[in-house]
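J.: Sequence:
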Amino acid sequence: MNLMSSNGVINNNNNNMMPYVNMLQNQNGGGNGVVMGQDREKKMLNQLQELEKQLLDDDDDNQEGDDVSVITNTNSEWSETIQNLMSSCNNPISPSPTSSSSSSSSTVTTPVSKQTIIEAASAIYEGKTDVYPEILSRICQVANPQGNSGQRLMEYMLMALKSRVNSAEKTPSVRELYNKEHVDATQSLYDLSPCFKLGFMAANLAIIEATREQGREMNSCSNGFHVVDFDIGQGGQYMNLLHALSGLQNLKPAIVKITAVAADSNGGEEKERLRLVGETLSQLAQRLRLSLCFNVVSCRLSELSRESLGCEPEEALAVNFAFKLYRMPDESVSTENPRDELLRRVKGLGPRVVTIVEQEMNTNTAPFMARVNESCSYYGALFDSINSTMERDSSERARVEEGLGRTIVNSVACEGRDRIERCEVFGKWRARMGMAGFELKPMSQIVAESMKARLSLTNRVNPGFTVKEENGGVCFGWKGKTLTVASAWR
Numbered sequence: 001m002n003l004m005s006s007n008g009v010i011n012n013n014n015n016n017m018m019p020y021v022n023m024l025q026n027q028n029g030g031g032n033g034v035v036m037g038q039d040r041e042k043k044m045l046n047q048l049q050e051l052e053k054q055l056l057d058d059d060d061d062n063q064e065g066d067d068v069s070v071i072t073n074t075n076s077e078w079s080e081t082i083q084n085l086m087s088s089c090n091n092p093i094s095p096s097p098t099s100s101s102s103s104s105s106s107t108v109t110t111p112v113s114k115q116t117i118i119e120a121a122s123a124i125y126e127g128k129t130d131v132y133p134e135i136l137s138r139i140c141q142v143a144n145p146q147g148n149s150g151q152r153l154m155e156y157m158l159m160a161l162k163s164r165v166n167s168a169e170k171t172p173s174v175r176e177l178y179n180k181e182h183v184d185a186t187q188s189l190y191d192l193s194p195c196f197k198l199g200f201m202a203a204n205l206a207i208i209e210a211t212r213e214q215g216r217e218m219n220s221c222s223n224g225f226h227v228v229d230f231d232i233g234q235g236g237q238y239m240n241l242l243h244a245l246s247g248l249q250n251l252k253p254a255i256v257k258i259t260a261v262a263a264d265s266n267g268g269e270e271k272e273r274l275r276l277v278g279e280t281l282s283q284l285a286q287r288l289r290l291s292l293c294f295n296v297v298s299c300r301l302s303e304l305s306r307e308s309l310g311c312e313p314e315e316a317l318a319v320n321f322a323f324k325l326y327r328m329p330d331e332s333v334s335t336e337n338p339r340d341e342l343l344r345r346v347k348g349l350g351p352r353v354v355t356i357v358e359q360e361m362n363t364n365t366a367p368f369m370a371r372v373n374e375s376c377s378y379y380g381a382l383f384d385s386i387n388s389t390m391e392r393d394s395s396e397r398a399r400v401e402e403g404l405g406r407t408i409v410n411s412v413a414c415e416g417r418d419r420i421e422r423c424e425v426f427g428k429w430r431a432r433m434g435m436a437g438f439e440l441k442p443m444s445q446i447v448a449e450s451m452k453a454r455l456s457l458t459n460r461v462n463p464g465f466t467v468k469e470e471n472g473g474v475c476f477g478w479k480g481k482t483l484t485v486a487s488a489w490r
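Residue numbering for the sequence shown follows the UniProt record's numbering, beginning at 1 and increasing consecutively.
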């Protein structure tokens, strides 16, 4: 059983960046309108600073420098991370593409295009071999991987339907969903999309909150801070986390422990990759004057315990599942039900907090026709959001969308153990977590408002992105369609 895939990276660099407000002035030129815009941006940045002071500052003393958030302090590397997220400089979250790209944008789920896909899927499902070839031919005339967002979606839905008809020849192998090309494409999506990137950040802030709560309860910072991750990827989420921890004034953990769990079947190559991730994080921690202990643990699910993970009795333990659980088989695939078994094992570890970030998509136990409909809706919104942030001829965009194409084909065309992509909506995760013994730990108002403030700055150039609190989770979406949800559990 493969416990590893990919996780999010938030790009960092070592170059100091100018303050965000000044950058806006340089981009837009002078004039009274720019001054007014600066005032609005300053007000928003001040609000963001105050929110994050409440979350990340450890006391109410007016110490020098306390009024500067670790997010917006332009002299810190953490600031560079967030500025890379929100600014248009060297970042996929950029001003709207050029007129040629913007003018080509179209609504991807119009009644005609979506209905045609549904008609083709229905004919395939019912085995109408005299009907579906003609419908697929019509879709083929519209589909275009270099076209607008709607045409690109049609291209990959067409691939999925053709794969359903002739799975032996058209369906990508399961192995392709784990190879380097697909992992890199997924990584680029995490870097590109605010819906994914902010999900990682929300999880980090929830982890910090839980750690600070335990520190206050014990009135001590000497017991350490331990995060266990079952899908650490390239470690980018933890670069972000280390920067945030370095900004704490009091209750800063004396030791930060990060344990990356690798599947026992992954072998030496995966362990070596994780070792290199650990070296990168250790070098960053040293620059930030944090004491980091990074470990790689390879074990079977049945062997998972506090002892096997190297947990100390009194340390604050956090477990992170960011875009991990949806690829774990559940009871509909295997009587062993590794998805729920993993959750029960993690519950037995007694973690202070468990964070989950998942796509809001119902494709796990849904039948074929429902998956086609859900894919049109979800990926239609996602492709539209990508169109708003990247140029039409961008090679990175092509790589991301090709990766999404492989995901769509697997989700729509495959069944049983061959269907790796098995997303669930937040309501189902709530039920599943409850059955495993977890209680929802609603993300605090401070976390939610911090995400909203950052997204408001991003929305200056990409107004379609949305964030809202719902049923204890923080939802990130595009034009009202939720794409990802971050939540915390105990």
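FYI, nobody ran anything at the bench for these hints, they're computed from the structure. Note that this is a predicted model, so its numbers are computed, not measured. By construction, the Cβ of each residue, glycine as well, lies at the ideal position given by its N, Cα and C atoms. Misleading hints may appear alongside valid ones.
[To be verified] Listed below are the simulated DSSO-like cross-link pairs for lysine-lysine, each with C-alpha atoms no more than 30 Å apart in a straight line:
id : residue 1 : residue 2
1  : Lys-271   : Lys-347
2  : Lys-479   : Lys-468
3  : Lys-452   : Lys-441
4  : Lys-180   : Lys-128
5  : Lys-441   : Lys-428
6  : Lys-252   : Lys-180
7  : Lys-180   : Lys-271
8  : Lys-428   : Lys-479
9  : Lys-468   : Lys-428
10 : Lys-479   : Lys-347
11 : Lys-452   : Lys-428
12 : Lys-452   : Lys-468
13 : Lys-452   : Lys-479
14 : Lys-481   : Lys-441
15 : Lys-468   : Lys-441
16 : Lys-481   : Lys-468
[Unchecked claim] DEER-style ranges, computed between Cβ atoms:
id : residue 1 : residue 2 : range
17 : Asn-295   : Glu-391   : 24 to 32 Å
18 : Gln-283   : Val-142   : 45 to 53 Å
19 : Arg-417   : Val-131   : 27 to 35 Å
20 : Asn-295   : Gly-127   : 52 to 60 Å
J.: Please go over all the hints and tell whether each is borne out by the structure.
T.: So, going through the hints one by one against the coordinates:
1. Lys-271 <-> Lys-347: 25 Å, holds
2. Lys-479 <-> Lys-468: Roughly 12 Å between the alpha carbons, so the hint for Lys-479 and Lys-468 holds.
3. Lys-452 <-> Lys-441: 19 Å, holds
4. Lys-180 <-> Lys-128: 38 Å, violated
5. Lys-441 <-> Lys-428: 16 Å, holds
6. Lys-252 <-> Lys-180: Given pair Lys-252, Lys-180 is violated - Cα atoms ~37 Å apart, limit 30 Å.
7. Lys-180 <-> Lys-271: Holds, at roughly 15 Å.
8. Lys-428 <-> Lys-479: Holds, at about 23 Å.
9. Lys-468 <-> Lys-428: This hinted pair holds, its Cα atoms lying about 19 Å apart.
10. Lys-479 <-> Lys-347: 36 Å, violated
11. Lys-452 <-> Lys-428: Distance ~25 Å between Lys-452 and Lys-428 Cα, so the pair holds.
12. Lys-452 <-> Lys-468: 8 Å, holds
13. Lys-452 <-> Lys-479: 15 Å, holds
14. Lys-481 <-> Lys-441: This hinted pair holds, its Cα atoms lying about 24 Å apart.
15. Lys-468 <-> Lys-441: 16 Å, holds
16. Lys-481 <-> Lys-468: Distance of about 11 Å is within 30 Å: holds.
17. Asn-295 <-> Glu-391: 24 to 32 Å: Between Asn-295 and Glu-391, where Cβ atoms are some 42 Å apart, the hint is violated.
18. Gln-283 <-> Val-142: 45 to 53 Å: 50 Å, holds
19. Arg-417 <-> Val-131: 27 to 35 Å: 30 Å, holds
20. Asn-295 <-> Gly-127: 52 to 60 Å: Since Asn-295 and Gly-127 have Cβ atoms about 53 Å apart, the given range 52 to 60 Å holds.
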